Amino acid sequence: MRSPFSLKQEFLKNWILGLQRCRSSKKNMSIFERKKVIKLSADVAVASARNGITCWSRALIADAVKEGNADKHLAEKILGPASERQPTEKVPVGAMAYNKRIRSKKIPKRSSVIRRTIKCAPQAARPSSIVKRLVGKRRQILRSLIPWGEFMNGVSLIEETLDYIILLRAQVDVMRSLASASKLVNLN
Amino acid sequence: MSSRRSRQSTAGVSSISDDQIIELVSKLRQLLPEIRDRRSDKVSASKVLQETCNYIRSLHREVDDLSERLSQLLATIDADSAEAAIIRSLIM
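Line by line, the protein sequences are chains A and B.
Take 1 as the starting number for the first sequence in UniProt numbering and just add one per residue.
Take 1 as the starting number for the second sequence in UniProt numbering and just add one per residue.
In case anyone wonders, no lab produced these hints; they're calculated from the structure.
All of these numbers come straight from a predicted model, not from anything done at the bench.
Built from N, CA and C at the ideal position, the CB exists for glycine as well.
Errors might be hidden in some of the hints.
Partner residues are not named here, just some residues of chain A that face chain B (Cβ under 10 angstroms, in silico) [to be verified]: (1) MET29; (2) SER30; (3) PHE32; (4) ARG34; (5) ALA42; (6) VAL46; (7) VAL65; (8) ARG85; (9) GLY136; (10) ARG138; (11) LEU142; (12) GLU159; (13) ILE166; (14) LEU168.
Hey, can you work out the whole structure from these sequences and the hints?
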């Protein structure tokens, strides 16, 4: 796993890039609009830092540009030309490294892999005793908090949660540093 | 033959899942500020889940608050401005 420091750099780089792409429309933005641009570009940047290998990050970007999303155009502007974007769908099931250990030896047929990509996770054959304890309302709530969490189960849900939290923390750290640095600059 | 194989792989998957899940839940515990500082090892999986949800929600709120503050602090989002250059050099 990449060190947290390089994750922050990756996030910051993506974020600045996204903000630059919105530069033209910024002259007379209201505080509310500016907040929206800052937040959306930060969220997209943190998802992009994962380079499409996790389900939640693909979910975040896919949802941002979905038809019917009010800020779709803004998201597309931030993401830049389609040629520079990362893949957001059709990824091998269980793309995260540790899932490969528990996948069965049988090589799935191509059609079954595509059919399962929406689910983002290999299904556990039988719920273990611990998984049984992770059911119910709390698991539902957790799934509602992770992008595309409703498609995840058991092991993959926890793995995605772990990754999501790590990236969220990196995002908060960088944004906090920027906020304190901006305050210092503004005071001068 | 095939039933034996499938029975074996089923048993294999569920017992690995148990250990995997224990490992992952403990990793989750490490990340949660509430639970990590407690000495006790006996934290239930459902408590971990609950703290995880609370933590994620608080992180979301922080991102929102910080976005609000930043939009007030940054007069423009001109990433080429002198301010942005100073900020960048302070953070990196």
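Evaluation of the provided hints:
1. MET29: Holds: closest Cβ of chain B sits about 8 angstroms from MET29(A), inside 10 angstroms.
2. SER30: Hint holds; SER30(A) Cβ to chain B Cβ min 9 angstroms, cut 10 angstroms.
3. PHE32: 8 angstroms, holds
4. ARG34: At 4 angstroms from the nearest chain B Cβ, ARG34(A) passes the 10 angstroms test, so the hint holds.
5. ALA42: 7 angstroms, holds
6. VAL46: 9 angstroms, holds
7. VAL65: Violated. Min distance 20 angstroms.
8. ARG85: Violated, because the Cβ-Cβ distance from ARG85(A) to chain B comes to roughly 20 angstroms (cut-off 10 angstroms).
9. GLY136: 8 angstroms, holds
10. ARG138: The hint holds - ARG138(A) has a Cβ within 10 angstroms of chain B, the shortest such distance being about 4 angstroms.
11. LEU142: At about 5 angstroms, which falls below the 10 angstroms cut-off, the nearest Cβ of chain B leaves the hint on LEU142(A) intact, so it holds.
12. GLU159: 6 angstroms, holds
13. ILE166: This interface hint holds because 7 angstroms falls under the 10 angstroms limit.
14. LEU168: 4 angstroms, holds
Consistency note: the structure conflicts with the earlier hints numbered 7 and 8.
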